[in-house]
Structure formats: C-alpha cells, structure tokens
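A.B. asks: Protein chains in written order, with the working numbering: chain D, 1 to 122; chain L, 123 to 316.
Quick caveat, the hints were computed from the structure, so don't treat them as lab data. Mixed in with the good hints there might be a few duds.
[To be verified] Cut-off 20 Å, straight-line C-alpha distance, at most; resulting in silico cross-link-like pairs (EDC-like, lysine to aspartate or glutamate):
hint : chain 1 : residue 1 : chain 2 : residue 2
1    : L       : Lys216    : L       : Glu172
2    : L       : Lys197    : L       : Asp132
3    : L       : Lys197    : D       : Asp63
4    : L       : Lys305    : L       : Asp244
5    : L       : Lys216    : L       : Glu259
6    : L       : Lys216    : L       : Asp175
7    : L       : Lys305    : D       : Asp20
8    : L       : Lys305    : D       : Asp19
9    : L       : Lys197    : L       : Glu179
10   : L       : Lys197    : L       : Glu277
11   : L       : Lys305    : D       : Asp15
12   : L       : Lys216    : L       : Glu277
[Unchecked claim] Here are some chain L residues the structure puts well away from chain D; computed CB gaps all over 12 Å:
hint : residue
13   : His130
14   : Leu151
15   : Met166
16   : His193
17   : Thr199
18   : Thr200
19   : Trp201
20   : Arg204
21   : Lys216
22   : Ala218
23   : Glu259
24   : Gly283
25   : Glu287
For every residue, glycine included, the Cβ atom is placed at its ideal position computed from N, Cα and C.
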Amino acid sequence: MTNTPNRNGDDAWIDGMLDDLACMPVPETPDDLMTCVMEDAYGMLPAPGGRVIPAPWWRQVVDGIGGWVAVGGLVTAAATGFVVGLGGLDSVGVTTPWTMTYETYYDSPGSLDAFGWDMEEG
Amino acid sequence: MPLDTDPHMDDADLLAAYARGDAGAARLLTVRLTPRAYGQAVRMLGDTGEAEDVAQEAMMRLWRVAPEWRHGEAKVTTWLFRVVANLCTDRLRKRARAAMPLDAVAEPEDPTPSVESQMQDDARRDALRLALAALPERQRIAVTMRHFEGAANPEIAEALGIGTEAVESLTARGKRALAAALKGQAAALGYEEG
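Isolated chain L (complex conformation) (with noise of 0.2 Å):
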C-alpha cells in the first residue's frame, strides 16, 4: 500500500488517489464501501444471492466513474446509494412482473407461530420492497435515504438536486403512495381492516 493513502482520507480524496493509480485507495474503498453496498441491497431485495451481485456491479460503476468524479459535486456514499438503489430497484420491477399474488402463496406446512409470523414478515417486507420499487425514482430515494440511511433533508436535497424544502413534500408523497399501494394487501400482510 502506498505512503500516501491515509486511512482517514475521506471517500472523494480517495476516489482521487484511486484515479491516480493508488491500489492502496482501491483496497480502502472497497473496505469501506462494500459492505454498505451489500447492505442496503440485502434490505432492498430480500435476497443476499443477488444482493451480491448488485454491490458488486455498484462497485464496478464506481471504479469505472473514479477518472471523471468532481470533487466536491456528490457524497461518494450518496452516489453509491441511488446507484444500489436504482439496480435493485431493475431488478425488483423484473421480479414484480412474474410474482404470484399474495393469497397465491401457500400456507406454510409447519403453522406453528414462529414460521407462521416469519412468514408474514418476509411477506410484509417483500410488499413493501415491490411498492418502493414502484415509486417515482425521487420520492424512492426520498423515503429510504430517509429511513435506511438516517438521512437529513439537505442531505437528501443535495442528492437528489433539489431545496431542502421540497423534500418534506417529496417524503410525504412517498408514504402516501406506498399507504394507497398497500393498504389493499392489508389483510394478506397481517393488518386487520377497520
């Protein structure tokens, strides 16, 4: 590893230095920002197999990126959010056309009421995977920078090129759709009408 790369150096510095030519900047992004990719994709697909396969294609778009990023214009992090974002959201719309309704799905053989509610998680986080993904690309990125990254509203008003003051509004539409997306699933998740 190079002298030069400090690991303190933050992620645009090293994204420079890998633009340089650093192996050592290589080593500590791909440290830093892999499992954060993995992460957010095994939330988004409900499925570590592909999760895999989506960081390692973020990651790639990253090294191919590094050579023209300017400094100072994006979060590297925040880049790589809507890039994990948008690939998992590719691949949960192709997953969308070919599922089976929620009351298709089989009963499970072992009703006891740990499988029983294990069940109704998966299914109630796979609903909630498809309406994310059928929102508008803003107010998806709005509503899960939001509550998978913590973010603040400059930050997601940064990311998305937008004032801080429309992002509140950008949220709130979010929910609202994705409420009027699930609310007809109500009974299948495990919600009681009424």
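In isolation and in its complexed conformation, chain D is listed as follows (with noise of 0.2 Å):
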C-alpha cells in the first residue's frame, strides 16, 4: 500500500496514521491476565474499614455547594447584592461619601479633607 503525504497538511497524513493505530483490532483480553489482576488485588485489599484519605476540606465545601460553577454563581450574586446594598443606603437615611449632596457633604467630617474645594471644581 502506498500513500502521499500532504506536503500542506501534515496534520492530515498524521491523523490517518493515529486513526490507523487508533483503529487496529485488539485481542480479547486474556484469562490469564485477568486472573493474574484479580488475584493481586486481593492480595492487596486493605482489611475491612481500611483507611480511606477524606478530600480536603475546601474541595468538600466546593462540592457541598455543587462544584465549581456553583461557587462562581456564589460569589456574583454575594458581589451583586453588596452593590445593590450599597446603592440603597440613602434610602434608608445613612449617609455615605457616595449618596451625599453638597448640602448634607459641606456638613459632614469629611468635609475637612480638602475644604470641599476639590467638588466645586468638578
């Protein structure tokens, strides 16, 4: 059997080899070797209630909350909601830098830091 290698598409001529390899028949695996497998095995099975290492305890938190993408979902709502919080002070009458007029700010301790020349200015 003869074949061209593409001299443009390596990757093609390669993948056929892989494919090839990939694809070649594999003998039934033998009796021999699975009796040979089992038996160690069961030379090797700890004793009853062997000691099993537990995962860390950050990986069970992780996977208490349900992996990965849960904990991202966790931690935009947890960011969102401090957002939100945040914007919703006013309402609530507590004062922040963020929520006060030049009124309420000309009044307040913070005030001082630059003589609220700096807000005049824009």
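Work from the hints to combine the two standalone chains into their complex.
C.D. replies: Structure, rendered in structure tokens:
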C-alpha cells in the first residue's frame, strides 16, 4: 500500500496514521491476565474498614455547594448584593460619601479633607 | 460480593470501596479497567505479551494507590491511561535503543500483496509508536488521549493540569514533531516523496 503525504497538511497525514493505530483490532483480554490482576487485587486488598484519606476541607465545601460553577454563581450573587446594598443605604437614611448632596457634604466631617474645593471644581 | 457494591458506582467510588476492603469493588474494577489498560498497551506496544505485563503492572499501581486516592482530583480512567502510557513509553524507548533501521528489515519471503501490505502496516505502526515514545510526555499524552480515547480538550486539560486553550497548541506541536520524525522514513513506510 502506497500513500502520499500531503506536504501542505501534515496533520491529515499524521491523523491518518494515528487513527489507523487507534482502530487496530485488539485481541480479547486473556483470561490469564484477568486472573493475575484479580489475584493481585485480592492480595493487596486493605483490611475491612481500611483507611481512606478524605478530600481536603475546601474541596468538600466546593462539592457540597455544587461545584465550581455554583461557587462562581455564589460569588457573583454576593458581589451584586453588596453593590445593590451600598446603593440602597441612602433610602434608609444612612449617609455615605457617594450619596451625599453638596449641602450634606459641607456639614459632614469628610468635607474637611479638601475644604470642599475639589467638589466645587468638579 | 458485599451487598453494598453497586455495579453502577463510578470508578472513584469503587476505588474508595476497595480501600475500605470491599472485595466486590476489586472484582468490578478489574473487569472494568483491565481490558481498557490491555487494549491501550496493545496499541502502543504492538506486542500482546508485553501488553499483558504493562496492564498487570498498571493495575497493581492502582491497587497500591487506592488508600491515598483523593476523590475528585482526577478520573481513575485518566490516571490509568497515563500510567499505561508511561509504562509503554519506557518499554518503547528501550526497544528503540536496540532497534534495527527500517531499511535493514529483510524483505518478506512471500511477496504476495497481502503479506507485503501487512508488513508495511506493521512497520508504519511501529515507526509511529517509536515516534510517539520520543515525544515529550505532555505532547504524547495529549495526542494519544485525543486519538486513542477520543478525549475532548477539557478532559485532556484536566489530565495534564493545564488550561483548555493550551491543549490545542500542545496537540499541534506533538503532531508536528511526529511529522518531522516520520518524514525521513516516508519511503520505507510506503509513502511517496513529493
């Protein structure tokens, strides 16, 4: 069998060779091998109740929440809630630097930092 | 077989059950994973005897690692694929040091097309196996996982601990290296130059 490698497409040539290797027929797994592997498995079988190292605590938390996607959603929701919460402070009468009008700003202790000049100049 | 060994359990759960001393889990894992390891080894080595040794050794390593297996850190099949690939590579590299050049291989005594074609197929596969063994580990794993396991980029990325975007470039570099290694043998492998 003679093939011609495509000089402009090495990938196709190599893909073909790799696919040929991947598709080659594999004989049935010999019974002797299965027996040997089973014997090894039984020979090395830990005593009942043997030790299993648990996953690290942070992974247990992540898995408990529902995985990394859930953690991402939780972080996004928390950040959004925080920003919304800051914006709503004004409506409950809490004065913050970003909700002050000029009048409240001049009366606040924060106005002393630059004598209000920075705000008047825009 | 203990009643708590569910045949539908995933491999990691079975491995955890094995580590707790569950003989049923040992049996299920053997039946599930040994043919897989053997098939991969046969493809990579082209020698059933050696493939049996590799499969047994890989499974032995699995039993050994079971008590320390951290659930969720890797897929058992991916871990096993990597172990088999590395064991095969060690053998192929030893084989390469003792190998004859392709040109020195004797012509078949029975030059009928089927025999000649079969020998050429074998030579082509052997050359590819040796070229794969010469690749850096990450390129080799990326290329073989893609073609032998049909693995998608995220799975390869997880196996190698790299980003999904890096898989494409790793695979492409691997294939370029294979092409470079095999081009010099094109005529011997039945490929026409030009």
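A.B. asks: Now tell me, hint by hint, if it's right for this structure.
C.D. replies: Cross-check of the supplied hints:
1. Distance hint between L/Lys216 and L/Glu172 is fulfilled; the C-alpha atoms sit about 13 Å from each other, no more than 20 Å.
2. With a CA separation close to 10 Å, the supplied pair L/Lys197 and L/Asp132 stays within the 20 Å bound.
3. Between L/Lys197 and D/Asp63 the alpha-carbon distance is near 15 Å, which keeps this suggested pair within the 20 Å criterion.
4. The suggested pairing of L/Lys305 with L/Asp244 holds, with an alpha-carbon distance near 17 Å, which does not exceed 20 Å.
5. Between the alpha carbons of L/Lys216 and L/Glu259 the distance comes to roughly 16 Å, so the proposed pair stays at or under 20 Å and holds.
6. Between L/Lys216 and L/Asp175 the alpha-carbon distance is near 15 Å, which keeps this suggested pair within the 20 Å criterion.
7. The hinted pair formed by L/Lys305 and D/Asp20 meets the criterion: a straight-line CA distance of about 17 Å does not exceed 20 Å.
8. Between L/Lys305 and D/Asp19 the alpha-carbon distance is near 18 Å, which keeps this suggested pair within the 20 Å criterion.
9. Pair hint L/Lys197 plus L/Glu179 holds up; C-alpha atoms about 19 Å apart against a cutoff of 20 Å.
10. For the hint pairing L/Lys197 with L/Glu277, the CA-to-CA distance comes to about 9 Å; that is within 20 Å, so the pair holds.
11. About 14 Å separates the Cα atoms of L/Lys305 and D/Asp15, which keeps this hinted pair within 20 Å; it holds.
12. For the proposed pair L/Lys216 and L/Glu277, the alpha carbon gap of about 30 Å is over 20 Å, so the pair is violated.
13. With a closest Cβ-Cβ approach of about 20 Å to chain D, L/His130 is found to remain outside the 12 Å limit, as its non-interface label requires.
14. Taking the minimum C-beta to C-beta distance to chain D, about 7 Å, the non-interface status of L/Leu151 is violated against the 12 Å cut.
15. With a least beta-carbon separation of about 8 Å from chain D, L/Met166 fails to lie farther than 12 Å from that chain, contradicting its non-interface assignment.
16. The non-interface label for L/His193 is inconsistent with chain D: the shortest C-beta to C-beta separation is roughly 5 Å, within 12 Å.
17. Separation of L/Thr199 from chain D is adequate, the least Cβ-Cβ distance of about 16 Å exceeding the 12 Å criterion.
18. L/Thr200, annotated as away from the interface, keeps every beta carbon of chain D farther than 12 Å; the closest lies near 17 Å.
19. Every C-beta of chain D lies more than 12 Å from that of L/Trp201, the closest at about 15 Å, which supports listing it as non-interface.
20. Consistency note on L/Arg204: stated as away from chain D, and its beta-carbon is indeed over 12 Å from all of that chain's, at 17 Å minimum.
21. Distance check on L/Lys216: its Cβ is at least 20 Å (rounded) from any Cβ of chain D, clearing the 12 Å threshold; non-interface status holds.
22. No beta-carbon of chain D comes within 12 Å of the beta-carbon of L/Ala218; the shortest separation is about 17 Å.
23. The beta carbon of L/Glu259 sits about 17 Å from the closest Cβ of chain D, which is more than 12 Å, so the claim that it is off the interface holds.
24. For L/Gly283, the requirement that its beta carbon stay farther than 12 Å from each beta carbon of chain D is met, with the minimum near 15 Å.
25. L/Glu287, annotated as away from the interface, keeps every beta carbon of chain D farther than 12 Å; the closest lies near 17 Å.
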